[in-house]
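Undergrad: Chains as they are written, first to last, in the numbering used here: chain V, 1 to 121; chain B, 1001 to 1635; chain Z, 2001 to 2725.
Please note that the accuracy of each hint is not assured.
[Unchecked claim] Think about it this way: if two alpha-carbon atoms lie no more than 35 Å apart in a straight line, the pair counts; the simulated DSBU-like pairs of lysine-lysine are:
hint, chain 1, residue 1, chain 2, residue 2
1, Z, Lys2724, B, Lys1030
2, B, Lys1030, Z, Lys2609
3, Z, Lys2681, B, Lys1206
4, Z, Lys2705, Z, Lys2680
5, Z, Lys2724, B, Lys1206
6, Z, Lys2609, B, Lys1206
7, Z, Lys2031, Z, Lys2609
8, Z, Lys2031, Z, Lys2263
9, Z, Lys2609, Z, Lys2680
10, Z, Lys2263, B, Lys1030
11, Z, Lys2031, Z, Lys2235
12, Z, Lys2040, Z, Lys2609
[Claimed, not checked] Facing chain V, according to a computed beta carbon distance under 10 Å, are these residues of chain B, among others:
hint, residue
13, Val1259
14, Glu1276
15, Gly1498
By construction, these hints were calculated from the structure, which means they are not laboratory data.
Please read these numbers as outputs of a predicted model, since none were measured by experiment.
Built from N, CA and C at the ideal position, the CB exists for glycine as well.
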Amino acid sequence: MDGFTIGSVKYDHAARELTCEKCAGRLCAWGENYKESVASRTVRAAEMRERLSSSYYLKEHDEVELREFICPHCGLLLDFEVYQAGEPARLDYEPLEAAQARGYDARSLYQAAPEGWITFS
Amino acid sequence: MSVTSAPTAHIQTDPVTLEVFSNRIQNLMKLMTSTLENLAGTLVGRESGDYSTALLDRDGNTIAFGSMVGFHLGHMTSVVPWIYENYGRDSLRPGDMFLSNDPYSGGAVHSNDVGVFAPIFVDDELVGWTGCDMHCMDVGGALPGSFVPNAIDVVAEACRFSPVRIYGGGEYRPDVVRAFLVNTRLPERVGQDISAEVGANHYALKIVEETVREFGVEGYLQLVEDVKAFSEARTRQRIEEELVDGVYEYTDYEEHDFVSHTLYPIRVRLTVSGSELFFDFSGTAAQAPSLINCARSGLKGAVMAALLMQLVPDIPFNSGVMRPVRVFSEGGTINDCTAPAPVSLATAMAAWRTVDVVSGVLTRAVDASPSQFLRERATACWGGTWPVYVLSSTSDQYGQYSVFLNMDGSGEGSGALRGVDGARGSSVLLAGRVPSVEAHELTEPNLYIARRIWADSAGAGRWRGGWSFQEIVTPWGEKAADQSGTFCTSRNAVPTPGAFGGYPGSGVFYGVIEGADITGAVADGRLPSWDDLDVDGTIEILEAKEVWEGRRHLRKGHDAFVMTFAAGGGFGDPLERDPDSVRADADEGIISVEAARQAYGVELTPTADGTFEVDLERVEEHRAAVRAARLRDAG
Amino acid sequence: MEFVCGIDIGGTFTDLVVRSLDDPDDVRQYKVFTEKDLTKSTLSAIDAASADFGLTTESFLDGVEHFFLGSTVALNTLLTRSGSKVGIVTTKGHADTYHLAQMARGGVRDLREAVLQNFQPLVPRSCIKEVEERVDCFGNVLVAIDEDQVSSVVRQLVEERGCDALVVCLLWSSAYPSHEQRVKELAHELYPDLFVTASSDLTRLLDEFSRTATSVVNAYVGQRVQTYCRELSTKLADAGLRTPLLIMQSTGGVAPVEDVADKAVTLIGSGPAGGVMAARDVWMARDGNGGSPADRPSRGAVAVDMGGTSFDVALLPQGEIQLTTDMRIARHPLLIPAIDVNSVGAGGGSIASVETTAAGSILRVGPESAGAVPGPACYGRGGTAPTVTDANVVLGLINPNYFAGGYVTLDRDAAAEAMRSVAEPLGMSIEDAARGIVSVVDAVMGDAIKDVSIRRGYDARDFSVIAYGGAGGLHAANIARNLGISDLVVPNLAGTLSAYGLTTADILYTYQLTDQSVTVAPPPPWGTGSPGQLFSASSVEHIEQLFTGIEEDLDASLAGQDVPPERRVFQRSVDIRYQGQTLRLPVAVPGGSLSSAILEDAVAQWEEKFCDIYGAGAAWPQGGMELMNYYVTASGKIGQDNGSAPTAGAPASRDQTTDPVMTRTIYLEEWTEVPVFRSKKLPVGAEVIGPAIVEDPMTTVLLSKGDRAAISDSGALVIAVAEKS
């Protein structure tokens, strides 16, 4: 596997790093969550209306956060996600080994207790 | 590094016969779905396409599935096992037909989904099942339309029948059908819906019998096994060869449980490992005290719905596709609730949201794929809600008691996909159309004052989301009375997500303009326009879940009701969008000049004929400034 | 000498069929390449015919009694998006109706395909204007029309937006068309030559979006059609034609070209009409040599046209054309009647492929097609994908040197090479792979026939198959056999059948409107309906007024074409449905004065038809019934002399023989030597028993073991299909 791209983030397996597709700047090491190391900010509902127009609607809610993740090198908007206030950034992709290393292995969980899983036939 | 289970079976049928059979059962699905469309008793079925059909094997596994409402598969696949477990296989006779609408015993996603299922016998040998599912506009319960925000359990929501014979050995059982219909507010219409399903099933009974006569019972049963084996093998091949092993994560939220505007995260981790997929919903919110939950059949149906549209749209859908798929759910959660939790709005809320969540996590996986076919199916969220507005009136324009469910939310905008803008009116789940104003006004006591494209509703992005629309109505008709209603939206504080830097689509709301005095305006020889009504200035935006229960009314010709529907999320950073496409969107009024400048970084200059010009040389300069501002603001 | 001419102008060929009125057996066909200047190819076909009859072009045209035209100009204008700049005037508050397009995803499962196939409007939002007016669902005017505003928006559209065609579609014009007509008048006062379509000119069926879309297509293609027809008419008149051109519509009826430009949308679906009309004629002529219709061998005909990319099926129960108002072209809904044709993506160009998995393989055929370019591999035009035509060549069924009348020489080696990509993964010989492809495509086509018959409530086994189109003859006998159909006809002139069909058509006008005021009460215990009194006197009168109102308008149109009263035939039908449905299942209503008994009879017939289609269990009379859409077709019978089936063309050639012209080795279950006959050389009554091949320049017919073909009086191949063993 040479690597792949999810959204505008290149997952470069050979170089063991994640880079920005637009500027090729390094975002983080392979296996890490790039969203934890790039520039980010929270956007409020009112700001969305200012940025678009009053025609756009979003109910103000204390627990809803819109988060922008921005390439620190070129300013590309890498992701724009909705979160419940205080949640950690979502991990788009994690290699199986990395997940196993921190103790998550869905296949083993399934094999240990298949009856606890839903199957379809 | 990964363990791959071998496919369970090797295909016995020759490659020609397999294709012939595969085509035939797909044709059967088209025949059955068009029957439901033609014969359905209300706009819900005939216009909005909220129905589905399936051909099942002897054990109740799917062989073919018709329609877009993928989560109906939850009902389709739950009924037969339930019947076997509770009545026994031996109880079945040729000519039996079962009605089923209980979310917990038969597996309907909500009680409005009334299914009709029939075992298929040929010469007294059981060879399979046929089934239909149709959203009936009212199945009784505490409130018209059977969406009951204030119900604390499923018993209060609607009339529920666990699978029961409406035909026994070919004999119609009017007593049973009447017992069901007496519980609905629309017995004639719902009776029509059920008859439509009987009609659709009659085709399956006929065509399967002919097919069995052509291939023999053994040959038919082998074909059934082989189409599943083929789809399983194709699906495993796709997962193994075209998806990148790893763990992908996504979360979306249901919101507002009628009691409070609580957020309910639905979390999923998808593990791609070898030729198998593991969806783990651990961490999903506990079940809600009200109708926004879905039960396990809804969860299963939602997983199937997303897969069949996004990962395997080109592979014949049957239970073989699902064999490499495992799902973990803690249970007692919003999308796997425990009886007797209420679920009457499961379809529009937790089950739909689960489709969005599965589609969201699949988008990460397909975008990582080396396959262009899959990358092109990476998508921002589609509309992602279906706002529900049920009106009831003691007298409609014809002087009749009236219940009406507005299904216009099925006209939501699609999400943008990698490489293409989202489309108008493309619901992720409903294949149908938004009824015309004339179809509405013919059957419901409303005057449609205006319908319009909703500017800036579409999620901004390198590829823009599909826009949505808005409408204003008022109760109308000489004989008509004021209306009470039930109102449920989501995507109200939690917008329809974009993908990879694409903006979310606009949030959705319902609103009331009191004292709009349409009657007076008409007497003066004019109807107010959207702008005349000063919607922004006068509107009272409703809570995301409201029940008026006769305590409040829309006054005929006096109050106006504003409806908005969901738009699609954008895909990619809007600053990367082709400036000429930004201009074209502004020319068509899909985006505002402000949005063009601030979200897209494109300054537009109006021209004499009302269109816009863009100074291409200044675009990059302006966009560089926006990018710099982003970094500055992010600190 | 007097003639009837039918000319079918297609993308590649222009076909001309000439029938002599002096000698009903004398039917001749001519084929020329379509040129960019269509009048040029038309005239060159006419020149060829004139010479053939030993006449000058002028005296030939002078002798033409009726000149029929089949053209794809309307459809091509739409598909190539090269029509007029249309503006729309609509009801205040509803300017976006056309763009909202009912927001329909359609039955597309694949997310991306659903987006790519989305509706593409022909009119931008900036060319849509609202006017103050409103009508309610009962047809009552709520707000009168603001005439000053109408004039102002029409001026804006024409002068500021540059629109050169106008659509007027207002809410509830289905119930109250006067506002639309007033807008049209006002527009014409301002711009007398402006092309204006009011939706109620075309249809008054319910659903403002579909009416708008129908009208937009009409206005979009109208002026192109008008110019095209005028040019052709003028050139033909200059060359000596004395009679107006009659152009084929989607309904299988013709209309004079000067009359049709305002209703150009009625031409959109005319492509298959000629063939279906000819098939109808072929079946109608099967009354056992002048015997009665009761002697016909079946309950009706299935017309099947297998071309390069599609397989079109039309059902003709008792020879009657079935019309539908559910036509969609490129996602534009057209709310006007058209022949109900089921088109599936299967044809000679359909591409075969193998999907191989760990569990086994499947052989897929279509819906992708190699089309005309690059075409099947055997065309030698760069195509490498294996197609159905390649399979037929590999099997020896198509004579590589006698294909399409020798216009194309086929490359058998290229076909075999292409077949390898299917044969190898399947581990089969290329012949067996080719047989597999043919079996799959035969099944797809058989399913299409079955689907059409079942949707109309018939059993395909009771029907005759009339097969035409380039590839029809090779597949037809096996398709029929698979379905249990025993009677098959491959008409003569199969290569120019559409042009022949034109010459059998009558002038036809249609109109339809929605009126939802008449309901039929359910029987006890659900309601109070009692037989004999289901329709009140006022309902009967209302229905009669609806029909006679339409009939008077259509009668005026026929009178305008000098059709004498005794040749004007009106047919009424109405959609009945269980209340709440959208079903469009019309049932015929007798002409003349109505009564409750007559209408109840129609209801009974409708219920019977309903149960034939959907099964008795689908009926739900408990909720009552309603009458909904009223249709009238008005024909001017000009084709009364056109009763004979397509005949053997020019007088029988001298060297007729019942002997085969050669033998050929073809692959059935194994390589087998079979006799090859030339249909032109076979005398009337000659019988050919399969296995055999019967060829003519435009089509090849394969007879399998036990199939018995006879040459009919008209030169058609009438085949008794052997049962499936």
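Undergrad: Checking against the hints above, which ones are violated?
TA: 3, 7, 9, 12 and 13
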